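The primary structure of each chain is shown beneath.
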Amino acid sequence: MIKLFGIPFKNPIFIASGVFGFGLDFKEVSNKVGALFTKGITLKPRPGNPPPRIVETAAGLINWVGLENPGVDIFCRDILPKVKKLKCRVFVNVAGFSINDFEKIVEKLADRIDGLEINVSCPNVKEGGVLFGQDPKIAAQVTGAVRKRTRLPVIVKLTPNFCDPLLIGKACIDAGADGLSLINTVFGQAYNAHTGERIISGGLSGPAIKPFALFCVNRVSVLGVPVIGIGGIETVADVREFLSAGASAVAIGSALLRDPYLPIRIIRELKVVSNISKNEKL
Amino acid sequence: MIKLFGIPFKNPIFIASGVFGFGLDFKEVSNKVGALFTKGITLKPRPGNPPPRIVETAAGLINWVGLENPGVDIFCRDILPKVKKLKCRVFVNVAGFSINDFEKIVEKLADRIDGLEINVSCPNVKEGGVLFGQDPKIAAQVTGAVRKRTRLPVIVKLTPNFCDPLLIGKACIDAGADGLSLINTVFGQAYNAHTGERIISGGLSGPAIKPFALFCVNRVSVLGVPVIGIGGIETVADVREFLSAGASAVAIGSALLRDPYLPIRIIRELKVVSNISKNEKL
Amino acid sequence: MKPKLIRAYITAKKQLNPDTFSLELKTSGLRLQPGHFFEIRTSDTYDPYLNRPISVAGYQRSRLLLIIRKAGRGTTLLHEKNTGDRILMLGPMGKGIIPKKKRTLVIAGGIGIAPLYFLAHNLTVGKIPFSLIYGVRNHGDHILISELKRICSDLILVCERGAKKKVTALDVLKNMDLAKYDIIYACGPKAMFVELQRMKFDQPIYVFCEDFLGCGCGICIGCAIKIKGTYKRICIDGPVFNLKEIDFNV
Amino acid sequence: MKPKLIRAYITAKKQLNPDTFSLELKTSGLRLQPGHFFEIRTSDTYDPYLNRPISVAGYQRSRLLLIIRKAGRGTTLLHEKNTGDRILMLGPMGKGIIPKKKRTLVIAGGIGIAPLYFLAHNLTVGKIPFSLIYGVRNHGDHILISELKRICSDLILVCERGAKKKVTALDVLKNMDLAKYDIIYACGPKAMFVELQRMKFDQPIYVFCEDFLGCGCGICIGCAIKIKGTYKRICIDGPVFNLKEIDFNV
Ligand SMILES: Cc1cc2nc3c(=O)[nH]c(=O)nc-3n(C[C@H](O)[C@H](O)[C@H](O)COP(=O)(O)OP(=O)(O)OC[C@H]3O[C@@H](n4cnc5c(N)ncnc54)[C@H](O)[C@@H]3O)c2cc1C
Ligand SMILES: Cc1cc2nc3c(=O)[nH]c(=O)nc-3n(C[C@H](O)[C@H](O)[C@H](O)COP(=O)(O)OP(=O)(O)OC[C@H]3O[C@@H](n4cnc5c(N)ncnc54)[C@H](O)[C@@H]3O)c2cc1C
Ligand SMILES: Cc1cc2nc3c(=O)[nH]c(=O)nc-3n(C[C@H](O)[C@H](O)[C@H](O)COP(=O)(O)O)c2cc1C
Ligand SMILES: Cc1cc2nc3c(=O)[nH]c(=O)nc-3n(C[C@H](O)[C@H](O)[C@H](O)COP(=O)(O)O)c2cc1C
Ligand code: FES
Ligand code: FES
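Residue numbers (our numbering), protein chains in the order written: chain S, 1 to 282; chain Y, 1 to 282; chain E, 1 to 250; chain C, 1 to 250.
No lab work stands behind these hints, which were simulated from the structure alone. One should not assume that every hint holds.
In silico PhoX-like pairs for lysine-lysine, Cα to Cα no more than 20 Å straight-line [to be verified]:
(1) Y:Lys27 / C:Lys13
(2) Y:Lys82 / C:Lys81
(3) E:Lys228 / E:Lys244
(4) S:Lys27 / E:Lys2
(5) E:Lys102 / S:Lys82
(6) E:Lys149 / E:Lys190
(7) E:Lys13 / C:Lys13
(8) S:Lys170 / S:Lys108
(9) E:Lys13 / E:Lys2
(10) S:Lys27 / E:Lys14
(11) E:Lys14 / E:Lys100
(12) E:Lys81 / C:Lys2
(13) E:Lys232 / S:Lys44
(14) E:Lys180 / C:Lys81
In this text, all values refer to a predicted model and were calculated from it rather than measured experimentally.
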């Protein structure tokens with residue numbers, strides 16, 4: 001058990017946004033983790049981007065899903081009742097294209113969930129997205145606007161792309177964020193070596209980015225709020241690296257594409273390991 | 001044969017800075033490439049950082065060599081005469097900790113080489129280094145100062161860390177840069193999963209960063225100067241991806257640690273491939 | 001059936017043509033239909049990173065048959081495995097189909113034969129008469145010919161190159177009396193699907209789609225295909241779709 | 001000798017103890033001494049990314065002997081290779097040593113035996129008398145005992161745990177008359193080197209350093225070791241160094 005933002009979590013193993021839908025396909029997994037971060041929710045429904053949406057790279061992948069989601073209204077009506085039955089904390093990943101979007105989504109969600117993850121870091125949409133997260137002023141404005149409209153814990157999800165997470169993170173905390181999560185995906189492209197055409201331009205994730213994620217997590221860990229470490233986590237050793245770097249908890253992302261049951265195994269192993277180290281201390 | 005900055009190069013396969021020393025250990029390789037970028041040269045000799053300096057990561061490595069080099073004077077006296085005998089273009093990678101450093105190094109090198117690569121992007125030194133490359137004003141100042149003191153081609157090597165290469169690149173071109181090379185290594189850390197100690201904090205390179213490098217190269221390719229693409233190149237297919245993204249030439253880095261003879265094979269395969277495509281066009 | 005993490009031993013490996021091989025894996029207790037596939041881990045390392053989707057080509061007495069073409073890095077690593085090696089996989093995934101009792105035409109292009117081999121088997125078991133047109137690129141590429149002959153009374157083997165009669169599966173189709181069939185199943189390269197779509201058949205035609213997947217189990221939304229104007233997921237909503245409803249010009 | 005890219009077939013593989021095995025590779029035309037090592041590619045993929053340095057443990061009639069301990073991912077992948085498989089490697093790397101005609105003491109800790117097995121062989125061929133202290137952690141860890149007995153008239157096997165007499169190689173050393181020896185060679189974990197350094201021997205002591213390398217051939221400056229106050233490269237200036245000159249407190 002750990003306590004963050006004044007509320008208890010079963011364990012520090014969370015599921016990152018966008019790689020597990022709404023946690024309903026593998027409920028036995030969702031029920032075991034400390035928290036689930038939902039797929040990004042926008043104000044209006046979004047069809048997402050045309051294929052190809054995923055391209056594999058060395059020890060990772062680039063995705064360009066484009067925030068496909070049913071929009072906040074359908075989410076609240078059809079999905080939220082099911083999500084609420086999950087035996088884990090649920091944080092909704094909120095993705096807006098204007099400050100107004102963020103405000104409206106947050107108001108509609110009200111306090112029916114455990115917390116909010118403010119996504120100012122999605123690289124796969126034309127408007128808003130990562131641009132909001134690259135400018136400390138705008139990131140702070142978004143955070144402030146959300147803060148005014150909710151008493152729930154507010155986590156801001158930071159981008160590592162072309163801006164310093166320390167600066168952005170500090171601005172968001174000053175504007176009322178309770179915690180930070182990072183990293184969102186890293187800008188990445190792939191080309192067809194034969195035709196020269198671009199195959200994809202999107203966000204890079206997976207073990208490839210783990211060292212960069214550790215760097216970023218460590219950098220913002222001085223800010224004094226809980227940090228959720230994300231990026232290339234696949235093993236208990238990876239979890240421990242992130243905790244060493246200063247994270248209070250971690251979220252598993254791409255690894256779920258390789259194995260949706262992975263969190264169960266990590267949680268089990270982590271318990272064994274920490275029992276062992278407790279006994280060793282006796 | 002390709003022509004960049006008004007001078008001819010045997011081929012567009014270069015060797016990146018810092019992974020091949022001064023090209024003297026494997027002369028048969030240096031003699032085959034279009035250009036060699038030397039290990040970073042500083043004004044004073046530098047002993048480099050204590051070990052561990054290299055840690056492997058998924059599809060890459062983190063290095064923290066810390067610009068170990070004999071300094072510009074010993075370089076000019078003992079090494080340059082040998083380097084000049086290589087049958088490839090030689091660009092010296094210039095690493096300063098102040099604008100004054102850059103000026104002095106460039107003056108001492110004079111025009112005994114084919115060009116300069118201004119390193120404002122080394123993540124592994126405390127002072128200067130990457131900080132110079134994260135601020136468009138300082139990067140432009142450095143470039144301008146160098147520009148005044150040399151008629152050689154000036155390439156600025158950009159960092160992808162916490163700043164937009166497009167902004168920095170533009171500022172450097174306005175200040176007189178003839179070309180850009182990117183990316184230098186990405187911030188990265190690794191921790192000991194058992195003890196929690198940090199093993200290394202340095203620069204990430206290798207195939208892991210290729211998608212990010214392609215993104216950055218593509219981004220600056222609109223600026224209208226030759227771009228040297230760097231990051232995770234291991235195969236002819238990788239070379240073609242970078243050329244597709246907008247690079248005029250590429251430089252091979254970490255791959256040389258796995259196989260110092262790699263450039264020879266790539267150059268040979270590239271010739272075969274381009275002969276085939278020429279014939280196909282007939 | 002919900003996908004599970006399965007560790008299965010290779011009980012047999014056969015080379016079927018220069019770049020296609022089959023693996024037989026021991027794994028019990030599954031209920032499998034044509035269309036089902038498994039996501040196979042090709043390496044213990046992170047490179048290749050993602051699993052590779054491979055169709056169920058047969059399942060009998062706890063023996064799962066996979067037919068695999070060496071297409072790139074992952075399938076080449078699979079090809080290096082041997083009898084006795086253990087394979088990690090997730091599945092079954094996708095929606096299986098139960099063939100209708102209708103006069104059936106099956107069209108296979110190249111490795112598209114893999115899921116259709118299972119379909120052909122089930123048609124035979126269900127005593128549903130069917131014709132199979134099976135086209136390949138080069139002479140010698142046809143696989144499992146004697147097995148196919150045994151289960152299919154009307155087998156048409158065609159070859160694009162290197163054979164005496166150079167024809168494609170679609171050439172054959174154009175010269176056939178299609179009124180004989182009530183339903184068509186096809187699997188092959190995308191170009192073949194596009195061509196089939198242009199031919200505007202009267203009867204329903206179902207295609208087994210093979211694209212690059214992320215997770216294979218619906219969680220990443222990475223496998224979009226436009227069906228009647230909205231994106232569906234190949235892995236969960238398919239991989240078998242009504243060809244007439246697919247919009248390839250996305 | 002300049003390192004070359006070598007593709008060599010495995011001609012034999014032996015399990016020596018639960019986590020140590022040997023590979024014999026066919027590769028001709030090399031001139032090798034103790035201290036030389038090869039950088040072995042453990043996978044065709046990018047994970048693991050770097051080659052792994054492995055010492056020459058023997059070389060006779062175009063047969064290269066490597067003795068490898070499963071230490072992590074790379075060596076585990078090497079362990080999965082079999083006779084007949086081809087291995088890609090770069091080498092020889094490092095500076096080989098030609099043993100001096102002096103009364104010699106050799107100290108091996110654990111897998112440190114690998115390069116010292118070659119040294120012992122060369123001492124025997126050169127008719128140089130020597131003693132070998134060979135310490136391991138657990139009972140049963142000793143490898144190549146009969147071969148060592150054959151070439152070494154004074155072999156002292158010690159074991160830290162699980163044996164009746166629990167001693168380390170260094171315990172043995174402390175109770176020995178070291179005046180009998182003019183020169184010492186050692187290879188083992190870093191902790192052993194640090195301890196040996198504290199013992200301040202009169203005679204020169206050369207150690208085979210094993211650290212994590214980048215390239216193995218001098219180009220990356222990634223393998224720094226402080227020798228008499230300045231950084232040297234383990235791979236090019238070593239891997240054998242005079243222990244008295246090493247500064248471990250970097
Ligand atoms: C539901 C489903 C079922 C399937 N069933 C089967 C089956 O039963 N049998 C079967 O053999 N296959 C089947 N497939 C296809 C199979 O999954 C793919 O062939 C396999 O994933 C390829 O993996 P690979 O690692 O071998 O190839 P990859 O290395 O991923 O390469 C695949 C292709 O892409 C090309 N490529 C990759 N990167 C680039 C680049 N940058 N530029 C240009 N070209 C590039 C390669 O040259 C190659 O042609 C199925 C697919 C799906 C979706
Ligand atoms: C010149 C030279 C000669 C050598 N000769 C031999 C020889 O003849 N035989 C031989 O067996 N070895 C030899 N070695 C050592 C050998 O190179 C290493 O054992 C090998 O490189 C290990 O590779 P690996 O991939 O198996 O292990 P790795 O996976 O690289 O792991 C190595 C160790 O580091 C630990 N580790 C890795 N990452 C972390 C982390 N994040 N946190 C905590 N711990 C971590 C692992 O648990 C493991 O104990 C030699 C080394 C040198 C430099
Ligand atoms: C397919 C896919 C979809 C994603 N969708 C979202 C999203 O909707 N909102 C979000 O904040 N992050 C999204 N992410 C980013 C992840 O939550 C995570 O920050 C990132 O992938 C790095 O972690 P990883 O390396 O473990 O995947 C997505 C990632 C992937 C791979
Ligand atoms: C060991 C090592 C040392 C390096 N030293 C330098 C250097 O001195 N100057 C510099 O500009 N870049 C240096 N680099 C960065 C490379 O030139 C290159 O930009 C980077 O490694 C990305 O390319 P890669 O992925 O092909 O390695 C170094 C990289 C490595 C791995
Ligand atoms: S491949 Fe992930 S949803 Fe279909
Ligand atoms: S390992 Fe690269 S210089 Fe020694």
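Open item on the list: With the threshold set at 20 Å, check whether the alpha-carbon distance from E:Lys180 to C:Lys81 stays at or below it.
Closed with: It is violated: about 55 Å lies between the C-alpha atoms, which goes past 20 Å.
Task: Pair hint outcome, S:Lys170 versus S:Lys108 [Cα-Cα no greater than 20 Å] - done: violated, 27 Å
TODO: Take a quick look at whether E:Lys13 and E:Lys2 sit within 20 Å of each other, Cα to Cα.
DONE: violated, 27 Å
TODO: Compare the distance between the alpha carbons of E:Lys102 and S:Lys82 with 20 Å, and conclude whether the hinted pair is satisfied.
DONE: violated, 40 Å
TODO: Take a quick look at whether Y:Lys82 and C:Lys81 sit within 20 Å of each other, Cα to Cα.
DONE: violated, 43 Å
Task: Given pair status - E:Lys2, S:Lys27, alpha carbons within 20 Å - done: holds, 11 Å
Task: Given hint C:Lys2 paired with E:Lys81 - CA-CA distance at most 20 Å - done: Given that 20 Å is the threshold and the Cα spacing comes to 35 Å, the pair is violated.
TODO: Measure nothing beyond the straight line between the CA atoms of E:Lys14 and E:Lys100; if it is 20 Å or shorter, mark the hint as holding.
DONE: violated, 32 Å
Task: Hint consistency between Y:Lys27 and C:Lys13 [alpha-carbon to alpha-carbon, up to 20 Å] - done: Roughly 36 Å between the alpha carbons, so the hint for Y:Lys27 and C:Lys13 is violated.
Task: Restraint status (C-alpha distance of E:Lys228 to E:Lys244 at most 20 Å) - done: holds, 9 Å
Open item on the list: So if I understand the rule, the pair passes when the alpha-carbon distance is 20 Å or less; does S:Lys27 with E:Lys14 pass?
Closed with: violated, 39 Å
Task: Holds or violated: E:Lys149 to E:Lys190, with C-alpha atoms at most 20 Å apart - done: Violated. E:Lys149 to E:Lys190 sits at ~26 Å, over the 20 Å cutoff.
Hints 1, 2, 5, 6, 7, 8, 9, 10, 11, 12 and 14 from the list above are not met by this structure, while the remaining hints are.
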